[in-house]
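Respectively, the protein sequence lines represent chains X and E. FYI, the numbering used here numbers position 238 of the first sequence as 250, with every residue one higher than the one before it. FYI, the numbering used here numbers position 66 of the second sequence as 93, with every residue one higher than the one before it.
What the hints contain is simulated information worked out from the structure, not anything from laboratory work. The hints are all genuine.
Beyond 10 Å from chain E on every Cβ pair, some chain X residues (computed): (1) H80; (2) G117; (3) D222; (4) D231; (5) T276; (6) A310; (7) A317; (8) V362; (9) S381.
Label-pair ranges, simulated between beta-carbon atoms: (10) E/G149 with X/Y108: 37 to 43 Å; (11) E/D142 with X/A46: 33 to 39 Å; (12) X/T55 with E/E105: 28 to 34 Å; (13) X/S300 with E/S119: 55 to 61 Å; (14) E/E94 with X/D165: 41 to 47 Å; (15) E/K72 with X/D327: 27 to 33 Å; (16) X/S291 with E/S119: 54 to 60 Å.
Here a beta-carbon is modelled for each residue, glycine too, at the ideal position from N, C-alpha and C.
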Amino acid sequence: MTDVPNSADSPTAVKYSPLHSIHEQLGATFTDFAGWMMPVRYTSDLAEHHAVRTTAGIFDISHMAEIHVRGADAGAFLDFALAGKLSGIALAQAKYSLLLNEAGGIIDDLVTYRLADDHFLVVANAGNRFAAANALMERAAGFDVAVTDESDDYALIAVQGPVSRAILEATAGLTDFATPLDELKYYRETAATFHGTDLIIGRTGYTGEDGFELYIHVDAAAALWAALTVAGEPLGLVPAGLACRDTLRLEAGMPLYGHELNLTTFPVQAGLGRVVALSKEGDFVGRSAIESGPDAGARVLVGLAAEGRRAGRADYLIFNGDTEVGVITSGALSPTLGHPIAMAYVDDDVSEVGTELHIDVRGSRIAASVVSLPFYKREA
Amino acid sequence: MAEKSQLQYTAEHEWVLVEGNIATVGITDFAAGKLGDIVFVDLPKVGDTVAEGKIVGEIESTKSVGELFAPVAGTIVEANDAVSDSPELVNSDPFGAGWLVKIEFTELPSMLSLDEYTALSGE
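Next up, chain E with everything else stripped away, as it sits in the complex (with noise of 0.2 Å):
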């Protein structure tokens, strides 16, 4: 697990962590606690193009659907099976085991820092 210091936001209540040219993805504890138990997430496939800002899948819990944007675009490289298999792990680690996928991109968008996205969900 990273710190959130070095991880970087999106509006979309989003993290993403970029090691070279891979950016893992995931929501932050915000977007989950809000969301509520998290009971199931649809997550894109390996190889599948996703372009930034688009919809690639989905995080339900009892009381509400979620859309997952790709922060950034590229080619999903790995979608967390662990997730499927055990939604709440969103909840219980939204910042580890609670990742949805890693993305290869080869440019990076401009995205918030940890203190913007504070700010922004008034945390």
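Chain X extracted, bound-state conformation (with noise of 0.2 Å):
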């Protein structure tokens, strides 16, 4: 056996989630993931994953990074220092949006929530926080708005799946929502309260089910946790790691950053090119070399579907005949379709959905095809 992860050679910087020593009770397997100590499973990550998409599942999601952008000018600034026009937003709603560099390339991909007019949250991957800060800090010079990175303040823990609702209705000391969840849409936020901690709820997710995103100062983050949890067992809540995190984000055919966006990547080439808002006005960190785009004949992001149960994973390349023509980024067997899924780059000309590939998996090629995204989509 090799690829045993060694537990015991993490760095002495690493940081531990506020809700740290519940996962340990509750016999989690742990991971490093950005710099962080965070649960990768806590018994079975098909049986978490399978939860997820049939009832619930509660993940800790800490690590991601809460950046405040308050001010006259918070809209026109995130115009500019973002790829969408988060200035078109209504109160209350959330945006997925990108953070480019210059050349066009993806700093990170972030939720911006807009919680006033003048006040918006961006929340970015923990492997980006200061990435992400620091852009968003030296683009605001100019504008009227001040930029505060207030992850260390934050707890955020995520309710995911089809009983996800009525867990958080049914949530002891849950109170005083702006909006009721059930007129609460998909991709809006509400404010509410937990025994008076004021929170932030947003209707958003990374599963690919519906579900909930609860913002909460660290220091109530515990029985916050506890509160669900006793709500929500009853309803076949479980708590659910980064293990099926991936894979039920991989199916839903949710990016990864690192994975299918990094800093030398268009957004066009990964089919986020909606997500740039070129016919905002003004100028916008990125636009020019976007507007020029990328060379003819990148590679694209597509979805390939295998029989059998051996999967491509990360960095497996991808064959037309005897011709290289890609690299997968992502790649697992589905737990929910049962058959191998993966992303993949590949060259343009071999990107259309029903194209025959191979996939060379540790020296045997496995049949492929290019299918469109998402695998899995849920049931409106």
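Fit the two chains together into the complex; they arrive one by one in their own frames, and the hints show the way.
Okay, here's the thing in structure tokens:
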């Protein structure tokens, strides 16, 4: 056996979630994720995956970064700093966006919530916290805004799965919803309180299911986790780790920074051309590079589906006959679908849905077809 | 299922049960736990000749791929078809129903005791 991670060699500067002791009590297995010691699974990543698809899972994603943007120019500033038109979103609306560099590459992918006319919350990936915060602060020059990285104040708990709303509605102490949850639409947020502590609840997630993300002060996080668990267990809620979060987001066709997205990939290659608001007025960082676009024939992100049980994984090469035409960025045996799936960058001329290609799985060739993304879509 | 103390171990997180000139091989609970849910097992065929320390199979979980090394040189006399059909047996019963292969050998290399292996795996 190889590839068994050695849990003893973690760096000393490792960060711990405010919920770490709860995870230890639950018997979680931990992994180093972007410098954070986070739960990778509690019991079985397959069981946790299926729970999210059928009932619900509760995730600790406190490693995510929370950056506030406040000020009269907040909307105009984000229109300049990010690829999307954030000034155009309604109060309490959320929007997926990209932080680009001047060359059109992706510094991070983010979700931004509009908390007030002049106040936005930008949520960045843990591994890009400082890159994102620094870029936003640099770009703030000349705008009437204050950009503050408040990540250390926040815990972030995600409840994901078809019974998520019932769980939140049954959670003791969770009250004062500005918008009732049965009226809260997808990609909207509401203020609420938990035993007097303010929190923000977004109807957002990274699993392809209905669900909520709860932003709360670190001091109240353990009590909130406990209350959600008490309310949720009768409804089938289970603690869920990062392993199933990865297979869930892969099935849902959602990119993961560092795999599908990086500093040299253009949004259009990743299928995210719609996220870049080229029609918005004024300049934004990366606009001129995006307008020239990537080189003709640049590789594009596709979905691949195969038969059997051997999965192609990140960095495995894709072949068309004897010609190398691409590389996998994420792959797994899909727990929901029961067959291997992967996201891969392939040459433009072999990216049509239905194209038959091969994955080199450690020396053997596995047939795979280009399929449309996402692999899995929940029933409306 | 044999007592853990009766088994020998390798640094590759395999256990070996020696009975006569037959070595039964599996992976440890530590290794299975680290891999996560095992979803695919690729084992050598009966009659294959294997060399000590060489890769003879693969164990895939949802998250990663582990390689199975032959802890002893010899001939595969049995492969556990049950784990090919139900890879989760390696998680649920790694020292019992989740065994992987039986190798007929002529010479046994030096392997680790349970205490030595436990110290190695940091459990």
